[in-house]
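**Q** Protein chains in written order, with my numbering: chain A, 1 to 180; chain B, 1 to 221.
Possibly wrong hints are sitting among the right ones.
Unchecked claim - Residues from chain A shown here face chain B by an in silico Cβ test under 10 Å; the list is partial:
no. : residue
1   : V17
2   : Y21
3   : D70
4   : F72
5   : A105
6   : S123
7   : R150
What the hints assert, rightly or not - Among chain B residues calculated to face chain A with C-beta under 7 Å, some are:
no. : residue
8   : Q36
9   : R60
10  : S74
Calculated from the structure, these hints are not laboratory results.
Glycine residues also receive a C-beta, built at the ideal position from the N, C-alpha and C atoms.
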Amino acid sequence: MEFLAIIFILVGFVLAVLALYLVTVGDADFVFHLQKRTALQVKEQTENCVVFTCTIPFTNAGKQAGTIMDCFPRLLVPREYFDACKIEAVADLASAPRGDGYWEAVIIFKKASDAVLLTLTFSSAERNIDQALEQLPDITLSLVCQIVARSDWFLGKNRVILPADEFRVALINARQQEGL
Amino acid sequence: MSENLQLIPVRTRILTPKDDIVDAIEQFSHGQIGPQDVVTVAESVVAITQGRMVCPEDLRPGLLARIMCRFVPSEGSMSSIYGMQAAMDIEGEYRMAGAMILGMMAKVVGQSGIFYRLAGPQAALVDDVTGTMPPFDKHIVYGPADPVGVAERIKERFGCYGAAVADVNDLKRSLVVGITAGLEKEKVARILIDNPFGNASQMTPIVIIKNYAQAEARMDK
Chain A
1 MEFLAIIFIL
11 VGFVLAVLAL
21 YLVTVGDADF
31 VFHLQKRTAL
41 QVKEQTENCV
51 VFTCTIPFTN
61 AGKQAGTIMD
71 CFPRLLVPRE
81 YFDACKIEAV
91 ADLASAPRGD
101 GYWEAVIIFK
111 KASDAVLLTL
121 TFSSAERNID
131 QALEQLPDIT
141 LSLVCQIVAR
151 SDWFLGKNRV
161 ILPADEFRVA
171 LINARQQEGL
Chain B
1 MSENLQLIPV
11 RTRILTPKDD
21 IVDAIEQFSH
31 GQIGPQDVVT
41 VAESVVAITQ
51 GRMVCPEDLR
61 PGLLARIMCR
71 FVPSEGSMSS
81 IYGMQAAMDI
91 EGEYRMAGAM
101 ILGMMAKVVG
111 QSGIFYRLAG
121 PQAALVDDVT
131 GTMPPFDKHI
141 VYGPADPVGV
151 AERIKERFGC
161 YGAAVADVND
171 LKRSLVVGIT
181 AGLEKEKVAR
191 ILIDNPFGNA
201 SQMTPIVIIK
211 NYAQAEARMD
221 K
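Pulled out of the complex, with its shape left as it was, chain A reads as follows (with noise of 0.2 Å):
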């Protein structure tokens, strides 16, 4: 009996170590700064369509690298809302753009940073493009994030509201650079 109860003794020490191991190692924790978000940019212009960008910085907070396998913008735009045009939405990572739409999945070590390029397309077939954004509102976007690390994998959801007087400075801005 006593040797049992050493048996059980020893069997929950264990398993109370592999706990307090489990508890401590922690997880990847992605946090996105949106108040740090870069201001609106414009890539491209031409008579009829207009692309704006801006970077979202992010930081893996956590104890454990994590792995962001997809990321996509959401447009929360409605018809009802705006649309005078065409609004497309492209996440890059900033660090290794591809230009292409796809999402690579990368790899983000603990306390590592980098940063979400958000481009944004304004296109419209049958007006110039000036006059389409003329009423243009704040446009609202979710940034989903497909991430897995330790535990199972979970979509994140960020929102962020790029308002109207940003893509409007942005154009003046453009404007005055091309002029010099």
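We have chain A; now place chain B onto it with these hints.
**A** Chain B alone, transformed into the frame defined by chain A:
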């Protein structure tokens, strides 16, 4: 021996489960393979052509996988519950659990690598998410099935001196997982140590070791 050899990486398009690796070698090598040559091919690409991959979303990790993955360093392919479960699905949960326990005990006395030796060949070959190039970067890719058989098929098709399926990376890790009879795994692994396959984006999963037979004959003299 290596000073007499020429390593020719062969560029291909992205190979998929609809491709056959031997047909792909024929298509992209453009007749460069001779009877003195050894043809080597990257193991992950062979596995992809065999359809040996799975999306993490399709796996159901059990409790053992959730616990065991925590003991794997975060750079390892089994550090996620999905990478660990994928390896367990091939090699068996209890085999891998036993291997991990014995591996940890062996590490206490300074012996490393015991886990991979006991867990089975596939445990070391599983590539977790990001381990392979797009569009397979979001998949877990297993090791190839019957790599020796694949190597023998390559040799038979091209009449070359030999063939090998290899797992090589930029960190001076070179492992031959399947090779035709008469060739030495360690010799071929040493020749490939500088990773002539390049990185994934270069798309050169096939490397022809030219004049291998001649170089070997010279060495034996």
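**Q** Taking the closest Cβ pair, is B/Q36 under 7 Å from chain A?
**A** This hint is violated: B/Q36 lies away from chain A, its Cβ roughly 39 Å from the closest one there, beyond 7 Å.
**Q** Holds or violated: is the Cβ of A/D70 closer than 10 Å to a Cβ in chain B?
**A** holds, 7 Å
**Q** Under 7 Å, Cβ to Cβ, is where B/R60 needs to be relative to chain A, so tell me if that hint holds or is violated.
**A** violated, 10 Å
**Q** Given a cut of 7 Å on the nearest C-beta pair, is the interface hint for B/S74 held or broken against chain A?
**A** holds, 4 Å
**Q** Let's test the interface hint: is any C-beta of chain B closer than 10 Å to that of A/Y21?
**A** holds, 7 Å
**Q** Checking hints one by one. Is A/F72 an interface residue toward chain B, by the C-beta closer than 10 Å rule?
**A** Given a least distance of 13 Å, the restraint on A/F72 is violated.
**Q** Verify the interface restraint on A/A105: the C-beta must sit less than 10 Å from at least one C-beta of chain B.
**A** At about 4 Å, which falls below the 10 Å cut-off, the nearest Cβ of chain B leaves the hint on A/A105 intact, so it holds.
**Q** Using 10 Å as the Cβ threshold, decide whether A/R150 counts as touching chain B.
**A** Holds, because the Cβ-Cβ distance from A/R150 to chain B comes to roughly 6 Å (cut-off 10 Å).
**Q** Holds or violated: A/S123 as interface residue toward chain B, Cβ cutoff 10 Å?
**A** violated, 26 Å
**Q** How about A/V17: closest beta carbon in chain B under 10 Å, or not?
**A** violated, 12 Å
Checked against the numbered hints above, the structure breaks hints 1, 4, 6, 8, 9 and satisfies the rest.
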